[in-house]
Amino acid sequence: MVNTADTLFIMLSTALVMLMTPGLALFYGGMVRSKNVLGTIMQSFVILAVISVEWVLWGYSMAFGPDLAGVTGTLEWFGLNGVGLSPFAGYSETLPHLTFMIFQGMFAVITPALITGAFAERMKFGTFLLFTILWATLVYNPICHWVWGVGGWIRNLGALDFAGGTVVHISSGASALAAALLIGKRKGYGTEPIHPHNLPMTILGAALLWFGWFGFNAGSALSCGPLAVNAFVATHVAAAAAALTWTIVEWIYRGKPTTLGTASGAVAGLVGITPACGFVGLTAALIIGIVAGVLCYFAIVMKTKLGYDDSLDVVGIHGVGGAWGALATGLFADKAINAAGANGLFFGNPGQLGIQALSVIVTIGYAFIMSLILLKALDWIMGLRVSPEDEVSGLDLTQHNETAYNL
Amino acid sequence: MVNTADTLFIMLSTALVMLMTPGLALFYGGMVRSKNVLGTIMQSFVILAVISVEWVLWGYSMAFGPDLAGVTGTLEWFGLNGVGLSPFAGYSETLPHLTFMIFQGMFAVITPALITGAFAERMKFGTFLLFTILWATLVYNPICHWVWGVGGWIRNLGALDFAGGTVVHISSGASALAAALLIGKRKGYGTEPIHPHNLPMTILGAALLWFGWFGFNAGSALSCGPLAVNAFVATHVAAAAAALTWTIVEWIYRGKPTTLGTASGAVAGLVGITPACGFVGLTAALIIGIVAGVLCYFAIVMKTKLGYDDSLDVVGIHGVGGAWGALATGLFADKAINAAGANGLFFGNPGQLGIQALSVIVTIGYAFIMSLILLKALDWIMGLRVSPEDEVSGLDLTQHNETAYNL
Amino acid sequence: MVNTADTLFIMLSTALVMLMTPGLALFYGGMVRSKNVLGTIMQSFVILAVISVEWVLWGYSMAFGPDLAGVTGTLEWFGLNGVGLSPFAGYSETLPHLTFMIFQGMFAVITPALITGAFAERMKFGTFLLFTILWATLVYNPICHWVWGVGGWIRNLGALDFAGGTVVHISSGASALAAALLIGKRKGYGTEPIHPHNLPMTILGAALLWFGWFGFNAGSALSCGPLAVNAFVATHVAAAAAALTWTIVEWIYRGKPTTLGTASGAVAGLVGITPACGFVGLTAALIIGIVAGVLCYFAIVMKTKLGYDDSLDVVGIHGVGGAWGALATGLFADKAINAAGANGLFFGNPGQLGIQALSVIVTIGYAFIMSLILLKALDWIMGLRVSPEDEVSGLDLTQHNETAYNL
Amino acid sequence: MKKIEAIIKPFKIDEVKDALSQIGIEGMTITEVKGFGRQKGHKEVYRGAEYVVDFVPKIKIEVVIDDVMVERVVETIIKSAQTGKIGDGKIFVYSIDEVTRIRTGEKGKDAV
Amino acid sequence: MKKIEAIIKPFKIDEVKDALSQIGIEGMTITEVKGFGRQKGHKEVYRGAEYVVDFVPKIKIEVVIDDVMVERVVETIIKSAQTGKIGDGKIFVYSIDEVTRIRTGEKGKDAV
Amino acid sequence: MKKIEAIIKPFKIDEVKDALSQIGIEGMTITEVKGFGRQKGHKEVYRGAEYVVDFVPKIKIEVVIDDVMVERVVETIIKSAQTGKIGDGKIFVYSIDEVTRIRTGEKGKDAV
Ligand SMILES: Nc1ncnc2c1ncn2[C@@H]1O[C@H](COP(=O)(O)OP(=O)(O)O)[C@@H](O)[C@H]1O
Ligand SMILES: Nc1ncnc2c1ncn2[C@@H]1O[C@H](COP(=O)(O)OP(=O)(O)O)[C@@H](O)[C@H]1O
Ligand SMILES: Nc1ncnc2c1ncn2[C@@H]1O[C@H](COP(=O)(O)OP(=O)(O)O)[C@@H](O)[C@H]1O
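Chains as they are written, first to last, in the numbering used here: chain A, 599 to 1005; chain B, 599 to 1005; chain C, 599 to 1005; chain D, 961 to 1072; chain E, 961 to 1072; chain F, 961 to 1072.
These aren't lab readings, by the way, just hints derived from the structure by calculation. Honestly, I wouldn't trust all of these hints.
Stated by the list, open to error - Think about it this way: if two alpha-carbon atoms lie no more than 25 angstroms apart in a straight line, the pair counts; the simulated DSS-like pairs of lysine-lysine are: (1) C:K903 with C:K854; (2) E:K1000 with F:K977; (3) E:K1003 with A:K783; (4) B:K785 with C:K785; (5) D:K962 with E:K1069; (6) D:K977 with F:K1045; (7) D:K962 with F:K963.
Put together the whole structure using the sequences plus the hints.
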């Protein structure tokens, strides 16, 4: 039966998660050069439009619709056919099915938006748009089905992913790696200074992400009960802890703490706790946050050494942070927190860590390879990258006929 | 009897709608030249102050108070006299009367703020402020009473306006046309380049508007039930669809999609679905969004040809989008979605379209003529427009002794 | 017993209050010079990280844990030991204890962030961070315990502070005065122009503060009932009224209304109504707002005359506004609004004003003296102030190796 | 070769550019500058404190031309930039030793 | 006529302006520029990567004056802009062929 | 002493700076400017209205040097700033009467 408070909870959580995509647009937009800020923001904003439409047309059906052999939903729910105001018990007995659908839609939106950080400042808008639609259809929808869909094979293995560690962060992180490798470095990367053009914008974006993440994580409880409370508090604790550790590590390692570092740490912590927040206690949340802050910091330092240009560190933060979170769930999960979950290694069930590791590896593998194939094909058909002249002039002018600032 | 979940829903919706006015301030502020950004933001911000006070003093009473001949509320509820914590069944049986009052107050705030886009960059602050108070009193309050007040004559005709297509968007759009015609073009309009000075600010504004609009539309169900869910999802679908179609149409028509276009499309879709969201199904929402995106785009292209300077396109987006939404409600309304509503043309009730058309025409006519009279009178008494020197120097310095940026 | 709607209400309020700290970061960040914007934002942002961790470790236990002689909580609840999902009746019978804890945590975060406005543009980051942790531990936690903790001596006196007039605003305002006096004026203060560098950023911050304040004040009812509704409406009315009066007073006094003034007025009103919103009626709220707008404006004008450099007017707005609100509660409190409260002077109970005055004086005295001692000690150990060269170069570069803008 | 440097009011820039184009000037460089002079600055008020800002936004136009054009260019600028109000700005004329076009290495007259 | 062009540290601008006003200079134009020289730049760190920024913010002051004033103006600038630390900047003196006031068309000395 | 003033494409600035450093130039000043010339501007579109923006972002480099260095500096700039496409910019050479280092009061060659 529909529960009013739960419905309200998920509607508001949906609004919060919706705000994360523009938040991400600002977070990313502040980090690029000023000639590319609109191009960068646009990539997120247009995804909010296009994937929302894709989701109600075929995305939701593929991800959550009637299962086909554990690997995808069928198109039976195409155009939300049969998705109405009464609950669909497979996902929630207390929410209108449409409420669950729209909440999940916001996850489908932000995931491809995360990837855009990898190819920032150099991708053709048309190719990007097509890639996004294909990626949503061929990568996001299936992975989402595997992990969360009734009948999905990873779900059936017993893998735990409370709010999207694998579905959202690992999938986008792995695809980001593929994209960064394939599209190549930005002109001048490593030789010219490529500085963020507006860090207060980035901080604002991080703040909106943090704010929206309460809906993302607590909302994933789908009901306004103790689980949501636990997820809410765990989310905040991990974000704060990671922000703090990144700050401290950078302070020690570089001599000064940076604002961008603190904000990046917060995001790393939020990513890390995402799969775990509804399965682990608060001490675990603190530890997950602390480790996420350190781990993602060094993942980013490493990138500079490995030499690929994952421009806005999608791999280092979402890939590494998401993988850490998924594995940490296998360590710290506790049935005392969530009876419907499982115990992790530290609660006597080492098998869970294996299952988590498997889900991580499969997600990385599938997302990476599929993205590689898609991008390679699109490169061949229409080109991934703007011309060198356009790259120098910037995406704003060349892709959108606009200038961001006339101050 | 007061329902806790409903109360919570509307309190939070009120907070969301409150945020829309600063959101609008940024949406508009980014589009003007940098010398006018504070002046533009200030117009919205001060409305939040002054109309909130006006509303609790006499506005609410005029709009929703005891009916006088169908045309206005009396002043019986002046100063919220008798408006307390128990429900007023005429509006909601489950909300404290004060909750309904404050929710409606936010609509009263944003409506005159919308108009400010028409006379941006050239209006005297003092005159603007007086105009706003008079307009709220003589235009908004009566129209609101007609359409939503118990006893209001348009309400009694059976016109449907779920969340303010006529009350908010058409009334402000028609008044904007009057204002643009009367105040005349900005100095240099058509001859000098008048570019937006900060498009990321505009995008942020659009994002906050979209976010707040969930409260605006879903909240208008006044209860956290299926109707709210339908309105919520319809709102998102229409916004996304309109953002997408505007993007595509501009891409085809101009060769490139613009960021401002995508954001404008989203707003157009949100406007279009506003009157309809609690009466129509999701397929209709998709269609309403698609048409809103195309229609408002061409309305704006048309403006450039007609030659009046509706600076930030209040007419093209709120006027045209609102009118389309009100008429579309007459096409797609479906009693299966909202039993308390009516069927539209496509559900066998052509009469509804007539009623909708009538409400549109009356609102346009009344708002346009009253605004013309008010502005003409104010022009005569104290002047509408800053001096040409002040216009060149900008509103920030000349009206407020401030400079927006010292970067 | 846990109530779902209340839990939801407080979770969402917590999210809203969380957003206030980044909102404050922007509000303050826009007012400093562009070379210090990141340093200023960082101070708030890092507090969100560090105090959140401090709070779950020892802060909550000191503030709300088992009472020790009325002056502090013990460390029995260290690390949230025993703070779980069932309610702790001393604070709320319907909220999970963790929900109450995290809601209060956001108050603990924003309070020291408010102080940073006093020493903006010149404090060493390391010293600031240590000061914040010590201040939270030795000033905030005890005062919070006195006023709100079960067994706290000011609470036991019957002092009324609905949402933090003394705990949050007076404590930070008094400490800000100590800090401003001790650290001294900014280089060039009074001789060079020191203009805000980005007022639209400040306005955005004010908007987010206003938005979040609904959670701050209404949420302090801890239950989604009539009290929350009253607090919500009172908050909005007072904010609007104060914004309006500040605007008008400045218009009269200086010849023109400023945007920064209107935004500052809104914040002043929000501060003023904070202690009162759950005890007074709406007419009182209107009066409190009006007076707050005037009073804080002149407090700021006075500062310029007294000559200390409270850079972003923490004393004038939070100190004076908070004190006014606490005293006004002693004037306008009405048991008809809140039976669990008390009557104020105008409702026949002059004693309440005395109690309020006492709580104000004690809070000012304690916070001022403790802050003076802490800062003096830190100055001696590690220095409060950056070197004159670093002050000229700005905090962004010298404390964080960053530049805010590359436009 | 000569360089003409004119400090003008910002809102006049399009007019001046068009006027110069019409007399055959094909290139110029402009810079946002701030001027101090007879034209009064303005007052700004922040949080109750008043500041007088003496510097006024101006635009500097630089045009390098052949000696024979000097008079004509100066007159064109005067005509198109004049409002008759204080603060219209100045025109300075300098001698230049040499001009080179980077793209081709051309020197002198041919380079501009 | 001569043009004095001084590159100075930004925080010295008010002092220099006041000093020049005091010796009777009634007009000047300033520009935000970036300098490269003996004064070291600074380090910036973004996401773990270190950048050295060589260019340091400076302000360029331009004053056009009569020949007889040159020495005095140069000295005044030196006095008011000097900190004694590397990066204080330079003063360049140029000859000018002609000065015109746009508002009135006045030439030479009368124009400044 | 001479001043070399070069208008170049913004993305060439690091290359030019490095090239100048290598031939021993120890100081320079740069300014963000906008150029108008043979290089076409670009189109911008806002809310369906099209604008042509003629001014293109450029960077102006100023280097004051001893007379003997002029040729070498000009050639170095040409080499490092050239792309061969329209809009590469110009180099102007001026004579300077006097150079002073603010910090020390040194004049002439020693001052740069
Ligand atoms: N001696 C000067 N040297 C350099 N620039 C000057 C000088 N005098 C004036 N200017 C520039 O010319 C502008 C206009 O000068 P001003 O005295 O205000 O008006 P007017 O040109 O009408 O006499 C100033 O803002 C400044 O930029
Ligand atoms: N040869 C030069 N040509 C043009 N500008 C120069 C030259 N040398 C120095 N400058 C300018 O002067 C500023 C100060 O020079 P610098 O060598 O750092 O210190 P100092 O003037 O104390 O010797 C530089 O930042 C630059 O703007
Ligand atoms: N006569 C001129 N005076 C001053 N600056 C000029 C002049 N002509 C060109 N410029 C500057 O040189 C830049 C490049 O000139 P342009 O004609 O576009 O290409 P090119 O230098 O390749 O011939 C212009 O953008 C402008 O800044």
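Problem set entry | Hint numbers contradicted by this structure | Violated hint (a single one): 4; every other hint is consistent with the structure.
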